[in-house]
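Chemist: Sequence:
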Amino acid sequence: LNKTHCKIQQGAVFSGKILSFECSVCKDSTTYSPNDLLKHFRAVHKETLPTYPCDLCCFVTHEFPALQRHRIEHRNTLVTCELCSDGVQYSLLLLTRHYIMCHSQNGQFSCDWCEFITLDAGTFVQHIHHHNESPWKCSKCRHISLNESDYKKHAKVTWARSHSRASLWVWNDDQRVSCQAFGSCS
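Quick note: the sequence shown, position 91, residue 91 per full-length UniProt numbering, numbers continuous.
Hints were generated in silico from the structure; no laboratory data involved. Please note: incorrect hints may appear among the correct ones.
Unchecked claim - What follows is a set of in silico ranges between Cβ atoms, one per label pair, in the way DEER data are often shown:
no.	residue 1	residue 2	range
1	Cys84	His45	42 to 52 angstroms
2	Val25	Phe59	13 to 23 angstroms
3	Thr77	Thr48	36 to 46 angstroms
4	Gln89	Thr158	24 to 34 angstroms
5	Lys153	Ser33	32 to 42 angstroms
6	His45	His70	18 to 28 angstroms
7	Arg97	Lys152	37 to 47 angstroms
8	Gly107	Val79	32 to 42 angstroms
9	Asp150	Ser110	31 to 41 angstroms
10	Val44	Thr158	44 to 54 angstroms
11	Cys111	Ser139	19 to 29 angstroms
Said to hold, decoys possible - Pairs of lysine to aspartate or glutamate, DMTMM-like flavour, derived with a Cα cap of 20 angstroms:
no.	residue 1	residue 2
12	Lys137	Glu63
13	Lys153	Asp112
14	Lys46	Asp36
15	Lys137	Asp120
16	Lys39	Glu73
17	Lys140	Asp86
A virtual CB, placed ideally from N, CA and C, is assigned to each residue, including glycine.
Between the sequences and the hints, there should be enough to build the whole structure, so can you do that?
Modeler: The following block contains the structure:
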């Protein structure tokens, strides 16, 4: 099984237990350790500082030790399992254990929303979390879109089956004009 890596927002990449970063200037998908990124910036982008984004939230800093201090704060955060939706709160360590016990199959974790597969529970927890940060989540099912266009396509199909057309359609002289939820649903 190939262990795929999860590209996290703003250039942080988490693969297994190794945190690495993409160059925010080159944007060529090359990944660097924190030290190597600093060396790259000193050699190639002399007057610019590298950025170190948090792989769990939108925090970004120019100093790797500041990122390390910031990441410690996440350990004390209580979160719920985004797959179970049962309201039980876990520390990140206990959430990882929960995923191992409840959401792995033969030691691997497979995302229901995309092709992502990993053997590492921590990587999987982060992957699911970033899916759920998407603003394009369907309220009728667990579908998550990566952009508005895909969300509208999904919503038209899903909502057309499930919503009362009479209550959501805007009518003008007995002619259907548009759906209040999604514009034209036809």
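Chemist: If you check each hint against the structure, which ones fail?
Modeler: Those not satisfied are hints 3, 8, 9, 12, 15, 16.
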